[in-house]
Each structure stands twice: as C-alpha cells, then as structure tokens.
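Colleague: Protein chains in written order, with the numbering used here: chain A, 297 to 583; chain B, 1039 to 1241; chain C, 528 to 1284.
No lab work stands behind these hints, which were simulated from the structure alone.
Here a beta-carbon is modelled for each residue, glycine too, at the ideal position from N, C-alpha and C.
Certain hints may be false.
[Stated by the list, open to error] Mimicking SDA-like on lysine to any residue, the simulated pairs with C-alpha atoms at most 25 Å apart in a straight line are:
{"id": "1", "chain 1": "C", "residue 1": "Lys-1277", "chain 2": "A", "residue 2": "Arg-537"}
{"id": "2", "chain 1": "A", "residue 1": "Lys-382", "chain 2": "B", "residue 2": "Val-1073"}
{"id": "3", "chain 1": "C", "residue 1": "Lys-1160", "chain 2": "B", "residue 2": "Ile-1167"}
{"id": "4", "chain 1": "C", "residue 1": "Lys-1283", "chain 2": "A", "residue 2": "Lys-382"}
{"id": "5", "chain 1": "A", "residue 1": "Lys-383", "chain 2": "A", "residue 2": "Arg-304"}
[Claimed, not checked] Just some of the chain A residues that point at chain B, by a computed CB distance under 8 Å:
{"id": "6", "residue": "Phe-314"}
{"id": "7", "residue": "Ser-316"}
{"id": "8", "residue": "Thr-317"}
{"id": "9", "residue": "Gln-321"}
{"id": "10", "residue": "Gly-328"}
{"id": "11", "residue": "Met-332"}
{"id": "12", "residue": "Val-335"}
{"id": "13", "residue": "Glu-339"}
{"id": "14", "residue": "Leu-345"}
{"id": "15", "residue": "Ser-349"}
{"id": "16", "residue": "Arg-398"}
{"id": "17", "residue": "Ile-400"}
{"id": "18", "residue": "Arg-481"}
{"id": "19", "residue": "Leu-485"}
{"id": "20", "residue": "Val-487"}
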Amino acid sequence: MADMKYVRAETLEEAVAFLSTHGLQTIILAGGTDVMVDVRSGELNKKILLDVSRLAALKKIEITDEGLCIGSGVTLTEINTSPLIKKHAPALQRCSCTFASRQIRNIATVGGNVAHASPCGDTIPPLVIHEAQAVVANQDGQREISMDAIASGAYHSCLAPGDLIVKFILKPRKVGFADFQKIGRRKALAVSRMSMAVMADKDETGNLSFIRFSLGACTPTPHRMDAVESFLMGQKPTHERLLQAGEILAEKMVEITGRRASIIYKEPAVQGLFMRILYPMVEWCAQ
Amino acid sequence: MEKEKIHIQFTLNGRDVSLDIPVKMTALQVIRDGVGLKGTKEGCGIGECGACTIEVNGKAINACLMFGVQLDGCDVITVEGLEKEGTLHPIQEKFLDHHGVQCGFCTPGVLMSTHALFKENPAPDDEDISNAVAGNLCRCTGYQQIFSSIKAAIPVNAVDDDSDMASRHDDKAMCQDSATERDTSMALNGTKKDKTEEAQHHG
Amino acid sequence: MKNQYHTVGKSVRRKGALDKVKGAPVFCADLELDDPLCLKAVRSRYPHALLKHIDVSKALNIKGVVAVFTAADIPGKNLMGIINKDQPLLAADKVRSLADPVALVAAETDEAAALGAAAVIVTYEELPVMFDPQEALAPGAPKIHKKGNLLIKRKIQKGDVDKAFDNAHVIIEKTYQTSAIEHTFLEPDAGVGYVDDDGTLVIHASTQNPHYDHKEVVTFLGVADETVRIIQAATGGAFGSKLDLNVQGFIGLALYHLKRPVRYVFTREESFLATSKRHPFVIHMKSGADIHGRVVVLKMRAVCNTGAYGSYGIAVASRAAVHGTGPYEIDNVDMACSAVYTNTPFCGAMRGFGAPQMALAHESQMDLLATALDMDPLTIRRVNGLKKGSITGTGQTITDSVGFNACLDGVSPYYKEAMDTWVAGSPSPFIKRGVGLGGMWYGIGNTGVQNPSTAKIEMDRKGRVTLFTGCADIGQGSTTVLAQIAGETLGLSADAIEMVVGDTRYTTNAGATSASRQTYISGNAVKDATDKLVNVLLTEAVNRLRVQKSYLKLSGGWVFDDRNPDKKVDFAWLAQRVLDRGGVLSWQGFFDPDTVPLDPETGEGAPYATYAFACQMACVEVDTLTGEVAVKKVVAAHDVGKAIHPENVIGQICGGVAMGVGFALMEEFVPGKTESMKDYHIPTMKDMPEIIPLIVEDAEPSGPFGAKGVGEPALIPTAPAIVNAIAHALGERIYHLPASLERVLEASIKAGHFNKL
C-alpha cells in the first residue's frame, strides 16, 4: 500500500501556498475524524497529508465587525464550552451537545464537518440559520461562500483542491428562543436521521418578529426553509399554525428529494420533529 | 516501496518517547505496535466504540481516529499510565470494588474517559458522567456497574467510599420466594435509587 | 435470610479483573510473537456457486506472501460443526454464502496478506440464490446442502389441540417477526499460534469452548490430541458467536504447514461478515384461553433462517419449540419450529438460542389475551404461571425451584406504582408513557442432550489448592464463581484457590460456555471434585484429631472440631501425611444434568434438569411525533436459585437488559448491508434505563448451593416487556422487531396520536 507524505503547515500562508501547488494530491487534516475513516477504507487515496490542526489562525472564536467569527479548526468541544457561541449562536452550541461522542468532539472541527459535506453534518443547520459565510482562502486570496452554496451534492463540497476554509462568519444573534434537535437511532453516537435548527424572537404582542429555520440530514445539500419562516413570521405560533408550517416543510422537503424509500418515515417525521422543536414557542409567545 | 518516515516525539505516561513512523500509522498502532503498550484496544477502527480511548493533552480521544503524526509534541496518557509505582489509581480501585469489569475489553477506554472527565471536572453530576462515557460502548455490563464505579471514583467521593463498602457486602437484601418476606427485603441495586423512596411506593 | 456461607453469596473481587483494569496484554491481539505471519481469508464472491478453480499463482508472487492454502491443503477432515458437521474450513466444491472462506493467505505483513488475498483468482459457476427460508422450503428449490434445505423441524405435541380451540373462550392468532442480530462483543475475533519446542502446535484463542476447538483442529490436521494445545486467552465477550471456530482452524493449518508463529486478528468488518448471527424468526402463534384467563391451548409454527451452515441451528429450533409456551402451564400444545438453510451467512448461538424470539411472541400473546378478557397483565401471568408440580409442554413435571410467581411478586409493587401514578405523568403532550411486562423461563444446559462437565482439583504438599477447569470465562465471571464453590466447600476464600482455566494441556472438558450452564453444570463438577478432596482431608483429620467426621469443620485452611475449635490441624500437615502414605490429593469431578431426550415426533421428554424464571417490567416513553422510544426504567426479577456472586448476577441482569433494549429498539443486521459499527447500533450508556434488579432465590436442590443460571435469562424478558409497554402507550402493537423509529412512528400514526395534542 502506497504510503503518504506528511506536511505540517506552520502558518496559514504556508498552508495555502502548499495547496496551490499540491492541492490535487493533498488531504487536509484538521480533526481527522472523517479523514481517517476514509483513508482506512481506501475511499480517500491521496499522496500527501497536510496537517493544519495546530494553526492558531484557524482556532479563533471572536466577535468582530464582520460578525461572530469561528475558525475552521475550532473543535466541537470548543464550540460547546465557548460563552461567545452560547450567547450569539445558541443553536450551534446545542448541536455540539449531541454530536457523535465526547472523544470525537474533542478533535473534530467545524471546518471538517462542513468540508466533508455529509448531508447529516450536525453543525450545518445551525450555521445555515446564522447565514454563515465560509471564508475560503486560496492562492488568489480569500472569498466567501454561503452555506447553501458550499455543498454541491451529498459528500461533495464545492471546494477546489487549492482551497482551505479559514473561518466561518456568522450573523450573531441573541434571541429569546433557539434550539437544535435531532432524531437518531440511539441517544448518543448516532448519525442524525434528521435534524433541525431554529432561532426566533417575538415582539411585545407575542408575534414572531424574527425566525430562522433549517432542516438537516433530509436533503443532499443544506437548506434554509424560507417558506416555513415566512409562513410563521409576524404571527403568534399556535399548534394549528405549527401543523400547517410542518406540512409546508414536508412538501418542500419532498420537492427537493423526490419520493424515495425513506420518505415513508421522513415525511411524517419531519412534521413531528418540527412540532417537537417549535411547540415550546407556543407557550413562550403566549406569555 | 520505500515508506517515508516521520519523526515524532511525545510524552507517554510521563516518559519521553521518540519514534520514526510512516504517515498512515494511526495513533493506536503507534501505541500498540510502535511502543508496545497493549492496554489500548481496537474494537472497531472507526471511532464508533471508544475501546481505543486515550488521553491527549488532557482530552479523551479515539486513538484509532488520530494519525500517529498528530501525537508529536503531545502529552499522552494510556491505561498503563494510571497506576503509579505499583499502586492502582483510585479509578482502577473503584472499578474493582464496584464490579465495573466483566470481559474487560472496553475497560481501558472507559477508565481513560473517566480520567479525562475528572481532569476537566472533579465534581461531575450524573449527566456529566454519561456524556463523558456515552462514546464508550460496552456489551457486557449494561453500564450500571460502570456508572457506580465512576461515581465512587469521583475524587471527593473516593475518600468517603471505603466505609460504604463493608456494609454493602453484608446487608445485601434479596427477594425471597414467599410474599410475606417481601416487606423487609429490598432490591439489590446499590446505584442511583434511594432505597427509602422505593419502600414508600410498595402497595 | 442471613447468608450462612463464608464466600458463596458474597460479591468477592472478580478474579482476573486486576489485569483488565491495568490493561495487561491478555487478549489474543495483545500477545507478542516472534516475527509472526499474518493470515487473511479469501471469501466467496457469490452467495451460492460451484467452486470450479482456484488460481493462487499471482498471489504467491506478491512480495511478502509466503503461502496460500486451499481445501487441498487440509491434511485431515475438512468438515466442522458444533452439532451437525456440514461446514468446511475452506470451501471444497461449492460456496453457500458470501462469508465462505475459499483460500487462506499467509504473509509477512497484514498489508501483504490483504494484497495476496485480492490476487487469488477464483472461478465460480453461479447457482440460484435463496435468502428467504420460504424460498428455500419451496418444492423444487435448489439444494444448498445434499440433505436438502430443512435442517430440522422440532415438534412438540400434547393433548388435543383442535378440541381445545373449539372450546376456547377467546383465541388470539398473530404473526411475529425478529431480525438477525450481531453479537457485537467488543473484542473482534483473534488468535495467535506458534510451534512449541516439543513440536506442539499451540493456539491462543478467543473462544467459549477451548476443548471443542481442540477437537476440531486435531480433526482438520489429522494429528494426535497431544499435538495441538488450545489455550483460551482473555476473551472480550462472545455471547454465543465464539462457540463456532473463528480463526483457530486457520491458525492450526498455517502452523501445520509453515511451522512459524502466526497471527489472525479480524477487523470488525470481517467479524461482522464471517461470524454467526442470531436467527431471524417468523412465528405464527395461536393461543386459546378459557373464561378465567387460563391458556388452554397453543399452536405455534416458527421458521428460522439458519443461513448457509447448521452451527447451533438444531439447538435453536429445539429450544425455541420447547420454550414457545412461555413460563406457563398449557395442557394442549402443537408446536413446530423449523430451521432452514439459505444463502445468507450462517446463524448460530446467540444469547437465548431462540428463546428471546419466542418470548416476543408468547408475551405479546399474553397481553393480547389479557386485553380480550379484560384482565390485568400481571394477573393473567399469575393464573398461568408454572409452579411446583406443573407439567410443561414436553410433559415434564417440574418439582423444585420454580420461582416464577416469586418474580411476579417482586415486580408487582413496581407495576402497581407505575400503573397508578407514573403512567399518567407524561412530561409532554406528545409523549405517551407505557408499562409492559415480560415473563420468561429458560432451561439450563443443552436441550435434552448430554452436556457434561468435568473438573479437577489438586492439593499440594503445602496444602495449596489448584482448580483445573475447561470452563471458558468470557466475562460473565465463571472463574470467580467456580473458585467460590471450591472455596466454600474447602472452607477457603476464593482468593486461596489457584485457577488453571481453559488450557487443553491441563484442563478437561467442561463443555461450552453457553446455555447458561456453567454455574450449574461446571459448578456441580467442581463441587463433586472438591467434595472428594474434602473427604480425603477429613478422613486424615479423623486420624489425627480422633474426632468423629460429623463434628469436623473446615475453615481458613484448618480442619477443626466444631465443639472444640482449638482441636485442629492444618491442610499442610494433612496433605503431607496423605501424600507420604501414597494417598491421592488430585480428584476429578463430573456432572451431567438429569434429562431425557425429546421424542422426535411428540417432543415429549425432560429437556432440562432445571429452569430459570424471570419477570421484567419496562417503563417507556414513546415520542408520538418521531417514533423514538426511551426506556426509563426496567425492574428485573430473576429466580437464579442461589446467587453465588450477587454482583455478578446483577451484572448479567444489567447486561442482559441492555442487550434487550438493543434487540427491542435499534438492532437489525442486514447481510450485505450491515458492514461495520457505523451501520449497527447497540445501546450506549445514554440509552439505558434505570435498572432495578431483584434477585429471587428459589433453591435448586440439584444445583451447587442451590444455583441455576442467569446469563441468558437476563436478556429474554426485556424486549417483550418493552414491546408490551409500547403497545400500552400507543394502543397499537408492534409485531416485528426491532421496534425501530419507522415502525413506532407508523404505529403512532395508525393509533391516531401523531401530531395531536
């Protein structure tokens, strides 16, 4: 079995420069939890391993004029314990509570989770509702890619061989209501069969003044569900309205995926999880 | 085919270790085959069972999911590093006292997850414990005695636990085969449930 | 009841646990050898095909490959099987599943072995494939084995079933289905071997039955018994899978030809592919009850898919048929269980041998009957439960140790509280709470066949005791329990008993660690041997102390006069005297349960000498929106006869409940699709209910200190209790395990709960 070469980048510039010449042959190693599985199976078979796991430039969590900036190398544990993220992107903090296992959270990175482009990636719905932009660097400079553009298909990111995600810029938001929930086949170490991220604010009368919602693990690429958001905006959420919004959500999902075998479960389940995650808003808005 | 070797240096259980390893070698292979410490186990190779859990820079990690080259410059602890000069670590003692070991294959991984947990949080509650160990699968124990072993090993508990042990062995109450004796006998459990609370619920 | 024993009944520190917490290198994959060769099996490309030709030339040219073996290289008999011998070590003329090994590569490294395996060119002629037992049973179906596709049909008939149905007040007839299950022990199968200085082929194995392994290996190699030595290494769980050979035959073959150390460690993926699974069952059950809720008649037809080879299929079908009644006295029965060959990878022993699958059926039927009769589920089980003097479906009168009612007593207050208070307290409008019961019985030992155990105990001149047993400890703690039994008999602590376990050079056959038999059968063999040793010591002590034997007691290594404890003599003194006089301090023990084989037509017989009983109660919360189920609490009352080591018993109960939760909710092995632990889910700590274990001790007179067994009983009632609880929560029942997200949500929708407040 052909072995690999190992390169550890000392700076971001070094990493980008290296990728510009060797990108096609290179696997980027941030946390490694997805990379290792694919290397072991033979699915990922490239000549060079570029280790960016120690680049300080990729590890920052800070609020700047741009927004809430989360380095691509930030681990799920760091997301879990960050007061800034808990305050400004609570759904993202919530998803880190049920992500895989403690061992994996300790090294898996948000950048890796996004770049792997698994439809089931748990960080993705929260990033979507915060309208996150991935800041991607290559030899030509930096550009921003939105979350719904970064995956071109299931397990296919739109990233080119010379690209490296540097950070994510989220629109920070302190909201009155935020949650992330998932359905898995067991209560831990479970790939999401379905996930949802939501955040919302209400006005003085209890009508929703702000809402963002994203569905995960049900579509090949990430989606913010505007149709659902606009349906609920400006009104008090009631059980009846949530039922209707759930139906809209299910319709949208089926539009995107078509009627596959899993639809028998997912069509009702998406409405069910939707109700479960949003029902607490009914009481919250009635206060 | 010539394999490129990378030189890594790290601290393993307090000792300095130096190795030249191929890039594709996992951290698990480095520990088991490179260094020769067999305590860390391979249960699945893909991070789905936790049997290979080690502590790297104070954090519990699946060694099968790390490249060996990532160990460079790190402070690594494996199960062999828990005991000091022939004296078991309190976590190890409690697992023996509280019957947290059956086949033993998941045990090193569980011990390391526990060790890392206490490092981060010397006073974990029940949920902290289950969050820390959720990634360690066990097929033998059903986790209950693992849980009680960990609870007993919580640093502040470990000091007081010895007095408990003696009474646990003697007054094990059991259900007899006649209804009349039930009122005084009680379930053998010894973990989370408050026995007096149970007694009140009897019809 | 106060414990009158000094070690029996005490939860002493487990023997061997120290090694485990230290991470000592005691498992097969840990053992270091001198430059070992790595082995890798080449497995079939087709599920059913004739094997036309194997070309190993390319493989032999791969750098590092040392040898490639095929069936032609097997010097002895190329046939194995734990009950019926129908499985070749390496395929000779045909392959019957994708798991079938066709060739074996030995190479200097794992990578070279893998490359070598990929380079072996095999020519097949495809045959029609059958994955479904009904297909395989259809007239004219291609034969997978020469004898046809029906491995066995076990029948049990008693009374007049037709008449009884005619007179029944209520009849329930349903079909139940379970899926194939993977054992998922944490230690993937592994083994190492080397040739000893005296030419012995030594194999360290991850196994449940080293003596059986030995027999198969010497048969493959056509060599004398002494040529092969099997040593059971620490075995990281097994649950029935490591009863069949995993790598022992391959290692033996390589050692025989190459005379170099060899090693074979399965990846998890290979373990999933190549080792046995729990038989999936389809069970038709028709139960009739009278107006008082007494089940008077039962008709059962079950078909289980035994896959490509028999393995334990005969035992599974037999046990399933016997246990199909559940722990209930039913006068008229017509049961038949068929094990059918198909081209899926073979199924074999898995904790419970068909009883867990049957329990889904009989416990669901009990609840359905209860509903039809407007009876309480606990009451209907009391009405029907086996008691002392009851007659079973096979016509066996059980006279002792029938603790089912006591188990119901144990669960009863928890059941009342759950039904009166807990059920109504749902945390959310979308969560429905339910409570369910599951009862079970389980015959200890192999079904109606001899399965003896032997043991040897020895005392040396210094009075030190060593116990030799072929009983494989696979994590359940038998080594400790057997030491306790010997220790109790000798008046010593378990610590004082040196153990030699599972080494065919030194131990004798204790039978397999399966069928929950070791405490009862090996325990009795150990007691038998130890009693003999004690008798010798007491006889010598009488000489010395001039006291009648009946006044002598043993404790702490001394024999003393019970009336005057200062009058005593120590073991060392006694041992020396005995040996100097040419006496014997090495004694063999033997035990085989008192059974009568089942009649092949009527199933009449006494298949087991003793039965374990249990009742479990499960409290569940069903998410009516998503189909997720949380098991909040399980109360598990188990009649074990006598708990020799209570914490071990609790450990088995908790482990069994965990396995039951998995069986009920999340485990489903689909051959061809389930490849690794990413695809197969066993419960994590977060999936576990609070477990309240209740130990019931209805002493078994023929058991060592009254003990029976618990290993498999622990698991059997759990899934039925959970299924009954889900039915209680939703008012809609699930008949097909696992009660997965999909099935539960479907039930929620059907019952009209979905998305309703």
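Colleague: Now tell me if each hint is right for this structure.
Modeller: Do the hints match the structure? See the list:
Distance hint between C:Lys-1277 and A:Arg-537 is fulfilled; the C-alpha atoms sit about 23 Å from each other, no more than 25 Å. Note on A:Lys-382 and B:Val-1073: the hinted pairing is violated, with a Cα-Cα distance of about 41 Å set against a maximum of 25 Å. The suggested pairing of C:Lys-1160 with B:Ile-1167 holds, with an alpha-carbon distance near 19 Å, which does not exceed 25 Å. Using a Cα cut-off of 25 Å, the hinted pair C:Lys-1283 and A:Lys-382 is violated, with the two alpha carbons roughly 33 Å apart.
Annotation: proposed proximity of A:Lys-383 to A:Arg-304 is violated, straight-line Cα distance about 34 Å (limit 25 Å). For A:Phe-314, the interface hint is violated, the least distance from its beta-carbon to any beta-carbon of chain B being 15 Å, above 8 Å. Look at A:Ser-316: its Cβ only gets to about 21 Å from chain B, farther than 8 Å, so that hint breaks. Of the supplied interface hints, the one on A:Thr-317 is violated, with its beta-carbon coming no nearer than about 18 Å to a beta-carbon of chain B, more than 8 Å.
Of the supplied interface hints, the one on A:Gln-321 is violated, with its beta-carbon coming no nearer than about 13 Å to a beta-carbon of chain B, more than 8 Å. Given hint, A:Gly-328 at the interface with chain B, holds; its Cβ is 6 Å from that chain's nearest Cβ, closer than 8 Å. Contact between A:Met-332 and chain B, as hinted, is supported at the beta carbon level, the nearest pair being about 5 Å apart and thus within 8 Å. Taking 8 Å as the C-beta cut-off, the interface hint given for A:Val-335 holds, the closest approach to chain B being about 7 Å.
Hint status for A:Glu-339: violated, given a least beta-carbon distance of 12 Å to chain B, over 8 Å. A cut of 8 Å between beta carbons decides the hint on A:Leu-345: the least distance to chain B is about 6 Å, and the hint holds. For A:Ser-349, the suggested interface contact is upheld, since its CB lies about 7 Å from the closest CB of chain B, less than 8 Å. Given hint, A:Arg-398 at the interface with chain B, holds; its Cβ is 5 Å from that chain's nearest Cβ, closer than 8 Å.
The restraint placing A:Ile-400 at the interface with chain B holds, with a minimum CB-CB distance near 6 Å, inside the 8 Å limit. The restraint placing A:Arg-481 at the interface with chain B is violated, with a minimum CB-CB distance near 13 Å, outside the 8 Å limit. Satisfaction of the interface hint for A:Leu-485 is found here, the shortest Cβ-Cβ separation to chain B being roughly 6 Å, below the 8 Å cut-off. Violation of the interface hint for A:Val-487 is found here, the shortest Cβ-Cβ separation to chain B being roughly 10 Å, above the 8 Å cut-off.
Checked against the numbered hints above, the structure breaks hints 2, 4, 5, 6, 7, 8, 9, 13, 18, 20 and satisfies the rest.
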